[in-house]
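Participant: Guided by the hints, dock chain B onto chain A, whose structure is given.
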Amino acid sequence: MALDKPYQDVPGTTIFDAEQSRIGYWLNQFCMSLMKGPNRERFKANEKAYLDEWPMTEDQKQAVIDRDLNRCIGLGGNIYFLAKIGATDGKSFQQMAGSMTGMTEEEYRNMMVAGGRSVEGNRRLGENGTAQPQNQPQGSATHNTLKG
Amino acid sequence: MAHISASVFTSHVPAIGAALDMGKTQEPYWQPLFQGYEYSKQWLKDNTPDVIFLVYNDHATAFSLEMIPTFAIGCADQFTPADEGWGPRPVPMVHGHPELASHIAQSVIQQDFDLTIVNKMDVDHGLTVPLSLMCGQPKEWPCKVIPFAVNVVQYPVPSGMRCFKLGQAIRRAVESFDEPLNVQIWGTGGMSHQLQGARAGLINKDFDSNFLDLLINDPEKAASIPHIDYVREAGSEGIELVMWLIARGAMSDINGHAAPKLKHRFYHVPASNTAVGHAILENA
Numbered sequence: 001m002a003l004d005k006p007y008q009d010v011p012g013t014t015i016f017d018a019e020q021s022r023i024g025y026w027l028n029q030f031c032m033s034l035m036k037g038p039n040r041e042r043f044k045a046n047e048k049a050y051l052d053e054w055p056m057t058e059d060q061k062q063a064v065i066d067r068d069l070n071r072c073i074g075l076g077g078n079i080y081f082l083a084k085i086g087a088t089d090g091k092s093f094q095q096m097a098g099s100m101t102g103m104t105e106e107e108y109r110n111m112m113v114a115g116g117r118s119v120e121g122n123r124r125l126g127e128n129g130t131a132q133p134q135n136q137p138q139g140s141a142t143h144n145t146l147k148g
Numbered sequence: 149m150a151h152i153s154a155s156v157f158t159s160h161v162p163a164i165g166a167a168l169d170m171g172k173t174q175e176p177y178w179q180p181l182f183q184g185y186e187y188s189k190q191w192l193k194d195n196t197p198d199v200i201f202l203v204y205n206d207h208a209t210a211f212s213l214e215m216i217p218t219f220a221i222g223c224a225d226q227f228t229p230a231d232e233g234w235g236p237r238p239v240p241m242v243h244g245h246p247e248l249a250s251h252i253a254q255s256v257i258q259q260d261f262d263l264t265i266v267n268k269m270d271v272d273h274g275l276t277v278p279l280s281l282m283c284g285q286p287k288e289w290p291c292k293v294i295p296f297a298v299n300v301v302q303y304p305v306p307s308g309m310r311c312f313k314l315g316q317a318i319r320r321a322v323e324s325f326d327e328p329l330n331v332q333i334w335g336t337g338g339m340s341h342q343l344q345g346a347r348a349g350l351i352n353k354d355f356d357s358n359f360l361d362l363l364i365n366d367p368e369k370a371a372s373i374p375h376i377d378y379v380r381e382a383g384s385e386g387i388e389l390v391m392w393l394i395a396r397g398a399m400s401d402i403n404g405h406a407a408p409k410l411k412h413r414f415y416h417v418p419a420s421n422t423a424v425g426h427a428i429l430e431n432a
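Protein chains in written order, with our numbering: chain A, 1 to 148; chain B, 149 to 432.
Looking at chain A on its own, in the form it has when it is part of the complex (with noise of 0.2 Å):
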């Protein structure tokens, strides 16, 4: 019998559930591993080399190189774990989350300061909100990810 997953119809979420956590597990583990230092230093020194020392898929491998976040959650990653990955280039949480929604960093901070995003029309796929499908991507960012 299928699991209840109610939240699958909420735009622009990935709920980071079993499922998800299975398909990441190595992804995830790789990022863990960038909390320590001498870990950090070896990645940063050859990003392909130490990435694949873990049995990670070639796609999550080529989503942490180009830093695409959407990409990672996608395939299995979380925010907490790939938060290790922003924190190895010296980014904060305010610059890796918005660096999934298209704006720039200071389209993203401006919004935070006005109130931030609205539930309105993003309850719900279908709904016609800033999170929805139909509406990306949302800023002028020239790319959806945490380079630059």
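If you're looking for bench data, these hints aren't it; they were derived computationally from the structure. On a predicted model such as this, the values are computed, not experimentally measured, just so you know. Some clues are possibly wrong.
[Claimed, not checked] Residues on chain A that point at chain B, a partial pick, calculated with CB under 7 Å:
no., residue
1, GLY12
2, THR13
3, SER33
4, MET35
5, ASN39
6, ILE73
7, LEU75
8, PHE81
9, GLN95
10, THR101
11, MET112
12, GLY115
13, GLY116
14, GLY139
[Said to hold, decoys possible] Cut-off 25 Å, straight-line C-alpha distance, at most; resulting in silico cross-link-like pairs (SDA-like, lysine to any residue):
no., chain 1, residue 1, chain 2, residue 2
15, A, LYS5, B, LYS369
16, B, LYS353, A, PRO38
17, A, LYS91, B, PRO229
18, B, LYS287, B, TRP234
19, B, LYS287, B, GLN183
20, B, LYS313, B, ASP366
21, B, LYS268, A, LYS5
22, B, LYS353, A, GLN95
Every residue gets a Cβ at the ideal spot worked out from N, C-alpha and C, and that includes glycine.
Facilitator: Just chain B now, kept in the frame of chain A:
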């Protein structure tokens, strides 16, 4: 006998810790937030407990995907502030209360809540940011702290009602400890926020305000909010609010005594990606 005197509720945003550690509290962005905790710092000075039972969540720091305990109680003598990737926060060592912690563990497990007992654990911003907000930057924390980590990272997290009932079990456990300790229970995390995907940056003031009202005045109703409402209305990370219900369930009005006194309530948007909520309740 030990007793619970008060509960404190607060968000635990990592950027708040960074702002404190880097001396940015008077900057225009941060000043209104820290202003909201001025009362609280004085209140804690005037009402310093012997022990804080601090409910928080680990953010992939002490617990990777190797082990994911739903409820974990820290029974060690001390807990080291963790290096979360930016280097450890420059905050004091956290001293535990192993006697009370192990007493609570035994009592609560006997009340059918299967806690994981942890004797070695680094503590991340989820635990140290609330201490910083309430204590400022002391050389030592003013009292002992029992860390109580709740899984809110991998879904499904425990339900609000289970958390609320666990709080009641913790109150009974504390009240059966022979030493006359003054214990506070803190519930941390929230309020509305989402850190991922195209919906990142979601804030819902109406939900947060209503949640605070219910938490204070009708906690049973707050406890009946289903997971999906948190996700949909308060963002995927807003689900951390279930942890507040553990602290609220431990208050004595839930056991038939008079309603607690609301000493302070505060709300501010934003801290980084997050709505910050805060309240202090004293048992009557």
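Participant: Could you work out which of the previously given hints the structure breaks and list their numbers from low to high?
Facilitator: 3, 5, 7, 9, 14, 16, 21
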